[in-house]
Structures are given as C-alpha cells and as structure tokens.
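Student: Respectively, the protein sequence lines represent chains H, V and G.
Quick note on numbering: the first sequence equals residues 3 to 390 in the working numbering.
Quick note on numbering: the second sequence equals residues 1233 to 1461 in the working numbering.
Quick note on numbering: the third sequence equals residues 6 to 398 in the working numbering.
Think of the hints as simulated: they come from the structure by calculation, not from any bench.
The reader is advised that the hints may include incorrect statements.
What the hints assert, rightly or not - Straight-line Cα separation of at most 30 Å, DSS-like style, residue types lysine-lysine; simulated pairs: (1) Lys-11(H) to Lys-1375(V); (2) Lys-196(H) to Lys-232(H); (3) Lys-246(H) to Lys-115(G); (4) Lys-1348(V) to Lys-308(H); (5) Lys-1446(V) to Lys-11(H); (6) Lys-132(G) to Lys-231(H); (7) Lys-145(H) to Lys-83(H); (8) Lys-172(G) to Lys-232(H); (9) Lys-232(H) to Lys-265(G); (10) Lys-1364(V) to Lys-1352(V); (11) Lys-1357(V) to Lys-11(H); (12) Lys-308(H) to Lys-1446(V); (13) Lys-250(H) to Lys-115(G); (14) Lys-178(G) to Lys-75(H); (15) Lys-232(H) to Lys-115(G); (16) Lys-145(H) to Lys-265(G); (17) Lys-239(G) to Lys-231(H); (18) Lys-1298(V) to Lys-1446(V); (19) Lys-257(G) to Lys-96(H); (20) Lys-1298(V) to Lys-1416(V); (21) Lys-231(H) to Lys-265(G); (22) Lys-1375(V) to Lys-1242(V); (23) Lys-239(G) to Lys-164(H); (24) Lys-257(G) to Lys-77(H); (25) Lys-257(G) to Lys-145(H); (26) Lys-308(H) to Lys-1316(V); (27) Lys-239(G) to Lys-232(H); (28) Lys-152(G) to Lys-250(H); (29) Lys-115(G) to Lys-152(G); (30) Lys-196(H) to Lys-128(H); (31) Lys-1349(V) to Lys-308(H); (32) Lys-308(H) to Lys-1453(V); (33) Lys-196(H) to Lys-173(G); (34) Lys-1453(V) to Lys-11(H); (35) Lys-1364(V) to Lys-11(H); (36) Lys-257(G) to Lys-231(H); (37) Lys-83(H) to Lys-308(H); (38) Lys-265(G) to Lys-96(H); (39) Lys-196(H) to Lys-96(H); (40) Lys-152(G) to Lys-246(H).
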Amino acid sequence: MGDLFLVYKNITRNMLRFSLNTFAIVVAFLLLGILGSINHAFNAGIELSADDRLVTVNKVNFTQPLPLGYVNKIKSVEGVKDVTHANWFGAYVKDSNHFFAGMAVDPESYLRVYDDYIAVDEEPKKAWFANRQGAIVGEALAKVYGWEVGDRIPISSNIFSKADNSHVWDMVIEGIFSGKEANADTNWLLFHYKYFIETQTFGNDWIGWVTLTTQDPSLNEQVAREIDKKFENSFHETETSTEKQFNKSFLEQIGNIGFIITSVVGAAFFTILLIVGNTMVLAIRERTREIAVLKTLGFSSSRIFKLVLSESMVVAAFGGMLGIMLSYVFVGGMRNAPGIRNMLPNLYVDSSIIIQSLIYIVILGVVTGFVPAFRAMQLNILDALSKR
Amino acid sequence: MSADVLFELKNVDKKFVRGKETITIFEDLNMTLDRGDFIAIMGPSGSGKTTLLNMLGGVDRPSAGKVTFAGEAISSLSESDLAKWRADHVGFIFQFYNLMPMLSAGHNVELPLLLKKMSKAERHKHVAAALKLVHLDERASHKPKELSGGQQQRVAIARAIVTDPDLLLCDEPTGDLDRATATKILEMLQMLNQEFNKTIIMVTHDPEAAKFAKRQLHLDKGQFVDKEI
Amino acid sequence: MLDQTFAVIVMNVRSIPDRFWMSLVTIIGIGVVVAVLLAFLAMGNGFRATLQGSGSDDMAIVMRSGAQSELNSVLMAEQVNLIATAPGIASDQSGPVISAELYLIVDAVKRSTQTQANLPFRGLSIKGVEMRDNISISEGRMFEPGKNEIVVGRAVLSEYEGFELGKKISLGKAAWEVVGIFDAPGSVFASEIWTDGLTLQSQFNRNNSYQIIRAKLANAGDVKPIEEFIENDKRLNLEVGTEKDYFSSQTKGTGDLIFKIGIPLSIIMAFGAIAGSLNTMYNSVAQRTTEVATLRAIGFSSMPVFIGTLVESLVLSLIGGVVGSIAAYLFFDGLTAATLGASFTQIVFDFQINSATMVNGIVVALIIGFVGGVFPAARASRLPVVAAFSAAQ
C-alpha cells in the first residue's frame, strides 16, 4: 500500500459518483477531441499550403477570369521560377450531390509548380500528358468512387456547357496521384486545359487563376508587387498573394470557425469544471473526519494536500484519456462519412490536440482539486473530530 | 517525582474565545507524568479531560505555558514538526475507532507506517505482528463494516501500536462497547502497559474502566482534585 | 395520496437552499447546455429565415440547367428574348414582367475582420428592382441606367467598409458612386450591391450574357407552362423553379451543416449535464435519507417520495432552462453574422431566437432534469424504513 493506493481506494469508494464524474469528463474531452480535430482540419489547408507558391487572381474577385496571355507575361517577371494556370470546373459525377474539386490545367507546368505536393509515377504522368482526354485523380477521390487507371468516366460541370448544350465531359483516368506529405488532401481531379477550353462555350483563351513559384521565398513580396504592377490599369487588374494567404482569406469567409469551436469547448469545460469541482468538494467534505484522523496519526498537511489533489488529478486523467480515445473512434467514423470527407479532407486527431488535452487534464485536475485539497490541508483536527 | 519523566505541564492555560466571552478551561495547570505509567483521567463532561488529552497528544496547544515531552517543548513545535512528532511518539485510540471504511483491517493498520521510511516487506511484518497481538491476524483482509465494534477497536489498537510509539492516548476507548468486550479491550491495554512498557493515558467516565489503570486522576473545572499528581 | 405528494414536494423544494452550491451548479450546467443549443438553433434559423425570406412564390427563376446557383449559370441575350415569349409569365403595359440579371462577385473589406470577402454585385434593370416587393430606398435614390452608380443593401453598409452614401468605389476598371441605400429586411438582397445591368455588362466585358432571369408568374407557384416551353425549344438548355424553391435549396449546405453540427454537439453536452444532475440528485437523496425514511416510517407511501424527488430535479432543471434561454436571448438574439452561401458569396444574417426556440430549450432542460431525477427518485422511494432508526452515517 502506498499513497496512490489510498487515492485509488478513495476514488473507488463511491462507484456511482466516480462513474458520473468520469462520464462528464469523457464528454468534455470527447468534444475537445472532435471539435479540435474539425478546427485543425479547417486550418490544415493553410498549413499545408506552400510559402513559396504565389496565386495571381483577378483583382475584382477570384471568380473573375484572367486572359491566358497573362501566363507568359508573368513568366517574364524577374524572380519567377515556374508558372501555371487553372480553371475551376465545378465537377460532379452522377448527380450534383457528388461534387468534388476538378480543375482544367496545363499538365506539364502544373506538375512542375506542384512538384512538392503531388506525387505521381513517371509512366502514368507520360500517359496523361499524351492523352488530351486524360485526367489524373487523387487517391482519396479515386477510392471514394472506385476509379482505376484506364476507366472512362463522364464528368459533369455545374458551370460550363459544350456546344451541343451538354455539360458532360468524357475523361480517361490515366493516373492516380498521392500527396507527398502525409495528410495532404487528394480529393481532386486534374485534366487538360486544352480539352476544356476548346469544348466549352464561354469564350476562348481565358483562365481562372495563375499559380507560380518564386526562385526564393524572400522574393515573394517583390514578385507579387511586380506582377500586380504589370497589369495595373489594364482591363484585368490582378491581385497576387501567397497560397497560404489566399487559402486563409477564403476560410475566413466561412465565418469565425475557431471562435465558435473555442466557445463551445469553453462552455463544455466550464460546465464540467463546475460539476466535477463541486463533487470533489462534496466528497472531501464527507470525509472530514477521516482526514482529521489521518492528520492525528501524523500525516502532514502538505501530504494531505497532495493526496486530495492527486485524487482529482487521477479522476481528470482517467476521464480525459478515455475521452481522447473515444474521440479517436468518433473522428475516425466521421472521416469516412462522404459529406464530411468532401468538406474536411484532413480530419484526424492531430498530436497537437492530444497535447492540448493533456494540458487540459492537468488544469481540470488542479482546478477541481485545489479548493478541497486546500480545505483538507487547513482542516482543524479538533473541530473535525468533535463533529459527529 | 521519578527520574524518568515523560511529560511535564508547566503553568498551562487554555482559554477559548466564543463571541465576546472568554471561556477558561485550564488556568495554571501543572503536572508531571512518568514513562511506563497507565493513567485514567476521570471527570464530568466539561471538566477539560479531552482538552488535556489533546494537548498531550499534540493536536491542541495551550494558550500559555509549556508542555514538555522527554525534554522537548512540544507546545512550541511548528504544525508540521508536531505532525512528525505525533507519528513518531503517539498512538491514538478513539471512542468510535475512526477506521478508514474503504480500507481493509490490514491496510488500516499499515496506514501510520506510510509515514516511516520502511520497505514494503518490513511494513507487512509490522502489520502482521500488530494484528497478531490483538488476535486479529485472520481478519486482516476484512473491511471495518464486516467487523464487530470490539474487533474494530482492536484494529484501532493495532494501528496505534504498529509504529511502536512510547505513548498511547485513548479517548473513551470503551465508550461504545458492551461490558464484556470493554473488559477485553482494557485487558489488552493493560498488557501493552505491563509487557511492552507503553505509557498509556486514558480518558474515561467509566469507573470500571478506570480500575484497569495504575492510577486515576480526577479533573473538575480545570483542576486536579487528587492530592498527589 | 395527493396531500402526501404535496408535502414531500414542499419539503424537498424548501431544502434546495441547504444544498445551495450543488443546486446552483446543476442549474448553471443545464443553463449552459441550453444556451449552447439555442445559439446553434438561432444561427441555423436565422440563416434559413434570411434565405427563405428572400424567395417569393409568385416569382420564377430561370437558369442554365445543372447550375444550382446564380453564380454558375450563364444565359445569352437571345435566350432571354425567347423566355420573354414563354407562357405563364405575367404581363403589364410594357410587356412580360421579367428581369435578366447579371451576378458577379467582387471583393470588399469586412469591418469585423479587416479581410476581403466576396460581395455579390448584381446588374439589373429598374423593372427588376420594382419586381421585388420588399425593397425600398431608405437613403439617397435609385441608380440611373447608363451611369456608374450603385445602390447598396443595408447589411453591406454595416458589414463592409467604404459603402457610405456618396462614396466612390473602384470595382474593376470603373469607379462607382454610391447613390442610394436600400432596405431589404430579412433577405439576402440586403447584402448585395446593385447597378444597371447593361452598365455592368459593359464594364465587366460580359457582352450580352446574363446569369439568370427572374420572371413574375401569371399564377403564383405555377412554373409548368415555362417548363414545357423550355422543353420544346432545343436552344433553351435551361431550368426553371420558383424563387422560393431556389432559396430553400440554397439553405441546404450551410444551413444543414449548422444543424448537423450544432444538434449532436448539444446532445453530447446534454449527457454531461445529465451526469451532473444525477450527482446532485443522488446527493440530495443521500442527505435526506433519514428524513425520507422517517416519512416512510410514519406511513407515507413510496410514490410521493418518488414524485417529490423527481419534482425537485425538474424544478432545478426548469430554472436552468429558463436562465439558459434568457441568457441565450440576451446574448445571441439579433447578433449579426455572415458566412459563405452556396453561391460563394457572403450572406449576412441575424441570429433569431423566438419563443418557439426558447420553449425547445426549456423542453431539453426538462428532459435532462427528468433523466437526472428519475433514478435518484427510484432510489429514494426504495430506501429501507429502518434507515430512519440507524445513525446518520
């Protein structure tokens, strides 16, 4: 028997109370795990975006087109390494509920610019370059729809039509790419710009946006300024920012997700703090006499303080760990739900959330245990023993 | 006055402030106590016998005056030194046993040993010895609620002696027990006094119980009424 | 029996102050859960109400088939002219009541975050403005066709920088003057800026293209004649629906998401509150063991004891529910938020808490109170009578 055994015996003496406390704590940490993962997934796009990639969009708004000629003009700006362009296609299969990210690109330059992101083997790469109707898809997307190399798939657009008024493009899967970094989002499809622009009816030689890499990230600002200056007072003025800034400002438009999540987790923890803290105070009050006896036997006040505080720490740790484990299960299940996967491809319990949970466990344990531990420490033996 | 003085109380005052009133329990109380003695302190309720016991046990302090234990002034020890002193020198036996309900008899007895630097094996040896002494070695794994009142008090005695203290302080140790059981407990205390040379101070209002002590002291209104103390 | 029940209820409820902190914690716990739930409901309802308030049943929207939202749709002038001849569209002295509209997105700086956000820029005719019922100019005047003038919705003025009356804003190549501010209560139009359709076409190089056509229906809700007309003409690869249906479908993504996330979250939190409530009530029962057993000993039956304990729990949860609802109302009702809608544009909406949502919150509180009270009540009603005669410990 040691102090930990005493703590264990004290915790388990009222199993009902212990279970209810544990349950409340599990709920709080489950929420933290799930919401923290959602928040992390929202921000993952920002974290994964490269610092040395710049995006040039129409200054009016990124949904406004740019002329194709801009690509070569941007290439001539000093400090630019590689340039490519893309058009948002509004892709879906079967019906419009099965939408996903599809982009019409210039294959060779696109893969150069995204060299650090997209991993695709040499052979399918060549096959894609050679086939005008060819497309490559990310492994996550291929898995969802069961696509394999060689499949011919009709891909619809919710924006564009062909001359015959249909909005279905036939494409052949020539390759399946993966992300070079773990957790990279691969829920997208790339196909030939030429195939797209020559068949759609909106007009020729326009592009959605330009993506470029610079020779050195330190040149980013200068290059961005240079590009925007070049097109100043033209019919299509541009706005160039890093990919990271671009993704961030897009996310901010959805609303302050971080704030909502922090509020809910905060409310949950506040409630759980009250419930567990109050139960701890109560549990210790019930044991007033026992604590007085321990003190009489010669247990020092500081040791009593530690005993009581460890009790709340163990309760917090037990419930907290259980909650984290449960959030693993929940988040795992959510990740495989189609609707969520589309919106949050990077949903998983990140190690940063585990660390956050561990810190919260310590805080919860200390805050709920401090008052009763302090009271136990201050307990007057005579008063406590004379009450019966 | 014998050569081996264990306790000495010198000019001890004890006063409580309740509201505007000051209640005096002791005023200028003096006494000495020898090692190996077995004293029964008797007196009506309110006479201050429990307060005296608490001061001797280091859970209460005099308002003025000095309590010396084997030459050490315990009345001026700090709170934490006092706790350590209790752990080293005193075994307590209460009227209502005060065992930890969630711990087995064996673990209850082991409790004070957690305050000693002792290996697990040593602790178990001591616990076994103490329980054997109170004839409860077969009940070591029972919880207090599975034991009778007499058995619980024997567990409490084992807990009090397991650290081998010089002093046993008993507050109405038989107050909650029937006569036959009480006699067994008192015989046990007597045995501890005679065979193991434990100094025992017992507060009781039961004259039958007091007969087991070597001598009896009577308190009334904060003063000893006996001629010789 | 009734008297007995009443006596126990009074006894229990009166003893709540004895367990003040414990009871307060239960009330706050339940209150927080209710407030969080109501916040989500208010957000979802506000978002839905704004989109649904934008659509009317006697207006049809025609867009390219499969487009799903205004932004994705493209129509050419000749298609507009064809639709104008379709049956089922109301007419006035100047012909069929239709409005071909151009819909662009421009960047504007949000006041709250100081970041750029997508603002809808709509080009339409004066007739198109007049077709909308609940639009009124509250400051300045309407734009004049052919001039670079804009009118802005009330929410644009409050949410974005630089749209005050008389200001000039550079959007694309041109500078546009704000000549008016319009009210469009409870509708998405309040977060749009409007100008003359033909001017917008020329300034943004859109030739003769539009995004959608609004058409006033001859018979409210009846789009069948237009539908048939479209089907019989190969040149019209279009689809038609009422404006009301269009905006309802727009609530799907974001609106559903708010409910899909908010409600499960609130349920999980409610379980936590139930745990707290159970703790309180078991404790309450434990504290009153002697009293309850004494009542049973003098002849009270177990039912009043059961009901009395349950009522105590329900009273606590009711207080929690009311407090939570009022707090949610004070904090969230009327709060303005903006998010991306299905058209990739910002939709400004108000949180809405009405009496119905508050009742929902209180019902949830009572459910928590019921579950949190029924098990402790069962324990109280089964307490052995002998407990009255044994010591309190």
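Student: Could you run down the list of hints and mark each one as holding or not?
Tutor: Evaluation of the provided hints:
Simply put, Lys-11(H) and Lys-1375(V) have alpha-carbon atoms about 12 Å apart, close enough for the 30 Å limit, and the pair holds. Using a Cα cut-off of 30 Å, the hinted pair Lys-196(H) and Lys-232(H) holds, with the two alpha carbons roughly 26 Å apart. Of the supplied pair hints, the one linking Lys-246(H) and Lys-115(G) holds, its CA atoms being roughly 19 Å apart against a limit of 30 Å. Taken as a hint, the Lys-1348(V) and Lys-308(H) pair is honoured in the structure, with Cα atoms around 17 Å apart against an allowance of 30 Å.
A C-alpha spacing of about 41 Å is found between Lys-1446(V) and Lys-11(H), which places the hinted pair above 30 Å, so the restraint is violated. Proposed proximity of Lys-132(G) and Lys-231(H) is contradicted: the alpha carbons are some 40 Å apart, above 30 Å. Pair hint Lys-145(H) plus Lys-83(H) does not hold up; C-alpha atoms about 34 Å apart against a cutoff of 30 Å. Distance check on the hinted pair: Lys-172(G) and Lys-232(H) sit about 28 Å apart at the alpha-carbon level, within 30 Å; holds.
Between the alpha carbons of Lys-232(H) and Lys-265(G) the distance comes to roughly 47 Å, so the proposed pair goes past 30 Å and is violated. Distance check on the hinted pair: Lys-1364(V) and Lys-1352(V) sit about 18 Å apart at the alpha-carbon level, within 30 Å; holds. Among the hinted pairs, Lys-1357(V) with Lys-11(H) is consistent with the structure: their alpha-carbon atoms are about 22 Å apart, no more than 30 Å. At most 30 Å may separate the alpha-carbon atoms for a hinted pair to count; Lys-308(H) and Lys-1446(V) exceed this at roughly 42 Å.
Annotation: proposed proximity of Lys-250(H) to Lys-115(G) holds, straight-line Cα distance about 14 Å (limit 30 Å). Restraint check for Lys-178(G) and Lys-75(H): satisfied, since their Cα atoms lie roughly 20 Å apart, inside the 30 Å limit. Under the criterion of a C-alpha separation no larger than 30 Å, the hint pairing Lys-232(H) with Lys-115(G) is consistent with the structure, at around 27 Å. The hinted pair formed by Lys-145(H) and Lys-265(G) meets the criterion: a straight-line CA distance of about 25 Å does not exceed 30 Å.
Distance hint between Lys-239(G) and Lys-231(H) is unfulfilled; the C-alpha atoms sit about 46 Å from each other, more than 30 Å. Restraint check for Lys-1298(V) and Lys-1446(V): the C-alpha separation of about 26 Å stays at or below 30 Å, so the hint holds. A C-alpha spacing of about 19 Å is found between Lys-257(G) and Lys-96(H), which places the hinted pair at or below 30 Å, so the restraint holds. Proximity of Lys-1298(V) to Lys-1416(V) is assessed by CA-CA distance (about 36 Å); at most 30 Å being required, the pair is judged violated.
Proposed proximity of Lys-231(H) and Lys-265(G) is contradicted: the alpha carbons are some 46 Å apart, above 30 Å. Restraint check: the Cα-Cα separation between Lys-1375(V) and Lys-1242(V) comes to about 43 Å, which exceeds 30 Å; the hinted pair is violated. Between Lys-239(G) and Lys-164(H), the direct Cα distance comes to roughly 14 Å. Compliance with the 30 Å bound is thereby established for this hinted pair. Proximity of Lys-257(G) to Lys-77(H) is assessed by CA-CA distance (about 42 Å); at most 30 Å being required, the pair is judged violated.
Distance hint between Lys-257(G) and Lys-145(H) is fulfilled; the C-alpha atoms sit about 26 Å from each other, no more than 30 Å. Between Lys-308(H) and Lys-1316(V) the alpha-carbon distance is near 17 Å, which keeps this suggested pair within the 30 Å criterion. Distance restraint check for Lys-239(G) and Lys-232(H): the Cα-Cα separation of roughly 45 Å exceeds the 30 Å cut-off, and the hinted pair is therefore not satisfied. With a CA separation close to 36 Å, the supplied pair Lys-152(G) and Lys-250(H) exceeds the 30 Å bound.
A threshold of 30 Å between alpha carbons decides the hint, and for Lys-115(G) with Lys-152(G) the separation of about 26 Å falls inside it, so the pair holds. A hinted pair counts as satisfied when its Cα atoms are at most 30 Å apart, and Lys-196(H) with Lys-128(H) qualifies at roughly 16 Å. A hinted pair counts as satisfied when its Cα atoms are at most 30 Å apart, and Lys-1349(V) with Lys-308(H) qualifies at roughly 18 Å. Distance hint between Lys-308(H) and Lys-1453(V) is unfulfilled; the C-alpha atoms sit about 41 Å from each other, more than 30 Å.
Taken as a hint, the Lys-196(H) and Lys-173(G) pair is broken in the structure, with Cα atoms around 40 Å apart against an allowance of 30 Å. Between Lys-1453(V) and Lys-11(H), the direct Cα distance comes to roughly 44 Å. Violation of the 30 Å bound is thereby established for this hinted pair. About 25 Å separates the Cα atoms of Lys-1364(V) and Lys-11(H), which keeps this hinted pair within 30 Å; it holds. Only pairs whose Cα atoms come within 30 Å are accepted, and Lys-257(G) paired with Lys-231(H) is rejected, the gap being roughly 41 Å.
Restraint check for Lys-83(H) and Lys-308(H): the C-alpha separation of about 62 Å exceeds 30 Å, so the hint is violated. Annotation: proposed proximity of Lys-265(G) to Lys-96(H) holds, straight-line Cα distance about 24 Å (limit 30 Å). Distance check on the hinted pair: Lys-196(H) and Lys-96(H) sit about 24 Å apart at the alpha-carbon level, within 30 Å; holds. With a C-alpha separation of about 38 Å, the suggested pairing of Lys-152(G) with Lys-246(H) is violated against the 30 Å cut-off.
Checked against the numbered hints above, the structure breaks hints 5, 6, 7, 9, 12, 17, 20, 21, 22, 24, 27, 28, 32, 33, 34, 36, 37 and 40 and satisfies the rest.
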